[in-house]
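The listed protein sequences correspond, in order, to chains L and X.
For the first sequence, position 89 (counting from the first letter as 1) is numbered 89 according to the UniProt record's numbering, and the numbering increases by one without interruption.
For the second sequence, position 209 (counting from the first letter as 1) is numbered 209 according to the UniProt record's numbering, and the numbering increases by one without interruption.
Derived from the structure by calculation, the hints contain no laboratory data.
Take the hints with a grain of salt, since some may be wrong.
Treat identical chains as interchangeable: a pair holds within one or across any two.
Unchecked claim - Keeping only pairs whose Cα atoms sit at most 30 Å apart, straight-line, the calculated DSBU-like set for lysine-lysine is:
1. Lys36 to Lys217
2. Lys118 to Lys210
3. Lys163 to Lys85
4. Lys210 to Lys150
5. Lys36 to Lys118
2 protein chains.
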Amino acid sequence: MRNICVKVSYDGAGFNGFQTQPYGRTVQGEIEKAIKKLTGETTIIIGSGRTDAGVHAQGQMFNFYTESTIPTERWAIALNTRLPKDIVIIEAYDVPEHFHARRSAKRKTYRYTIDTGKFPDVFGRQYRFHHPTPLNVDAMREGLRFLVGKHDFTSFTSIHSTKPHHVRTIYEADFVQEGPIVHMYITGNGFLYNMVRVIMGTLLWVGEGKMASSEIKSILEGRNRSLAGPTAMPHGLMLLDVEYSSEKQG
Amino acid sequence: MRNICVKVSYDGAGFNGFQTQPYGRTVQGEIEKAIKKLTGETTIIIGSGRTDAGVHAQGQMFNFYTESTIPTERWAIALNTRLPKDIVIIEAYDVPEHFHARRSAKRKTYRYTIDTGKFPDVFGRQYRFHHPTPLNVDAMREGLRFLVGKHDFTSFTSIHSTKPHHVRTIYEADFVQEGPIVHMYITGNGFLYNMVRVIMGTLLWVGEGKMASSEIKSILEGRNRSLAGPTAMPHGLMLLDVEYSSEKQG
Numbered sequence: 001m002r003n004i005c006v007k008v009s010y011d012g013a014g015f016n017g018f019q020t021q022p023y024g025r026t027v028q029g030e031i032e033k034a035i036k037k038l039t040g041e042t043t044i045i046i047g048s049g050r051t052d053a054g055v056h057a058q059g060q061m062f063n064f065y066t067e068s069t070i071p072t073e074r075w076a077i078a079l080n081t082r083l084p085k086d087i088v089i090i091e092a093y094d095v096p097e098h099f100h101a102r103r104s105a106k107r108k109t110y111r112y113t114i115d116t117g118k119f120p121d122v123f124g125r126q127y128r129f130h131h132p133t134p135l136n137v138d139a140m141r142e143g144l145r146f147l148v149g150k151h152d153f154t155s156f157t158s159i160h161s162t163k164p165h166h167v168r169t170i171y172e173a174d175f176v177q178e179g180p181i182v183h184m185y186i187t188g189n190g191f192l193y194n195m196v197r198v199i200m201g202t203l204l205w206v207g208e209g210k211m212a213s214s215e216i217k218s219i220l221e222g223r224n225r226s227l228a229g230p231t232a233m234p235h236g237l238m239l240l241d242v243e244y245s246s247e248k249q250g
Numbered sequence: 001m002r003n004i005c006v007k008v009s010y011d012g013a014g015f016n017g018f019q020t021q022p023y024g025r026t027v028q029g030e031i032e033k034a035i036k037k038l039t040g041e042t043t044i045i046i047g048s049g050r051t052d053a054g055v056h057a058q059g060q061m062f063n064f065y066t067e068s069t070i071p072t073e074r075w076a077i078a079l080n081t082r083l084p085k086d087i088v089i090i091e092a093y094d095v096p097e098h099f100h101a102r103r104s105a106k107r108k109t110y111r112y113t114i115d116t117g118k119f120p121d122v123f124g125r126q127y128r129f130h131h132p133t134p135l136n137v138d139a140m141r142e143g144l145r146f147l148v149g150k151h152d153f154t155s156f157t158s159i160h161s162t163k164p165h166h167v168r169t170i171y172e173a174d175f176v177q178e179g180p181i182v183h184m185y186i187t188g189n190g191f192l193y194n195m196v197r198v199i200m201g202t203l204l205w206v207g208e209g210k211m212a213s214s215e216i217k218s219i220l221e222g223r224n225r226s227l228a229g230p231t232a233m234p235h236g237l238m239l240l241d242v243e244y245s246s247e248k249q250g
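Bound conformation, chain L alone (with noise of 0.2 Å):
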């Protein structure tokens, strides 16, 4: 049987998340029901991670098998025109069979995006936070480098976490400014629910003045959600990128 593993991009604000939910459009039941309409089979992906709902991914993964034989370099265009505008496969690879989209990831990076002009661009509204008031990034930058390495992020995850242990790496991380736009980009081995959007919510209130950086410090050893500010709207979160080692396209 194939492995077949696929990176794809999608715009979330049509979607309520990736995984499949008992009601409401989701990425992964279109790209099933295309995979259905393509092969006849029935079939189950396994995403790299969910996205929430209304999140954007440029690069998710998902794997699953078939025993189509539709060739390597053809799945992208022929699911591609079976599948809505706002899903677009950009890529698919024949990978091993222990190949998992989810447990074989190595890296996974994310963009989180604020447009602080005095009115959003109408054009990237649906894709970054609207801020209107100043915010100190250089302060957002010196309390995010607390949260590079490998901690407990417990304070930083929701309260409806269901993973049996929190403890995460933060390779790297850190904010760049375009004019009005300021991207935080974070890069590590994987990251709890809503964990990226908490980190956002507590910075924001950095970058307010409402809390020093070093604040950062104390609420992630704290290992207490209550600590930390609110979720981030989800509009402005991206999964950019998500790394395998070289096995991958074995």
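Position chain X against the provided structure of chain L, taking the given hints into account.
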């Protein structure tokens, strides 16, 4: 009575064009509703020109007359809080009573954008025309050069144009490439119905090698719509800017 001139941006995807129509949601209709909510006045706004269904604007201009005493710098925020999210007012100015957003306009600039990537960028899909086969942009640029200057553009306007004469002046026009993205910029003293889209539809024939760039000259001289190419899709088109002489701020 005050005459207020307003710069507005909108995402054309959700509108049946700028101008009020018997059916469908229009930019003009939404703005007039917002003015009514704010001032209580029933007014008809004067746009610098219409944009078709699906066409976007980064810098459309309009003016309207009002008895309201709202300070100049408060209009943008006051209207934005009463407008849907796909219309964003950028600035408002008090202008002399004789200022007319259409008749006083000196230069307009449009941009038409093509995504030549194998698959469309999902986040730009509503703002770029996806053309996945190769385009000879140098040949398109050569063809475009024949249109710069003062000409009768009958060949490049809809047969439904209601204008008494079709002579317009193109001041500047060029193509700019950024990776797979191709922009055409075109600045003139005014544009006829569908003019930028017919120019692009014809230049696409040139870019695809179906026509020599020099044929643009004979099509122009033929003054017959049937000589030119199809009307390109509306969603790639953006009204970038409308310029006035310095009187606007007067």
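Cross-check of the supplied hints:
With identical chains, the CA atoms of lysine 36 and lysine 217 are never at most 30 Å apart, being 49 Å at best within one copy and 51 Å at best between copies. Taking the shortest Cα distances, lysine 118 and lysine 210 sit within 30 Å of each other inside one copy (21 Å), while across copies they are farther apart (47 Å). When the C-alpha separation of lysine 163 and lysine 85 is checked against a cutoff of 30 Å, the pair qualifies neither within a copy, at 34 Å, nor between copies, at 37 Å. In the homo-oligomer, the alpha carbons of lysine 210 and lysine 150 lie at most 30 Å apart inside one protomer (27 Å), although the nearest pairing across protomers, at 59 Å, exceeds that limit.
Taking CA atoms no more than 30 Å apart as the test, lysine 36 paired with lysine 118 passes between copies only; the shortest distance there is 24 Å, against 47 Å inside one copy.
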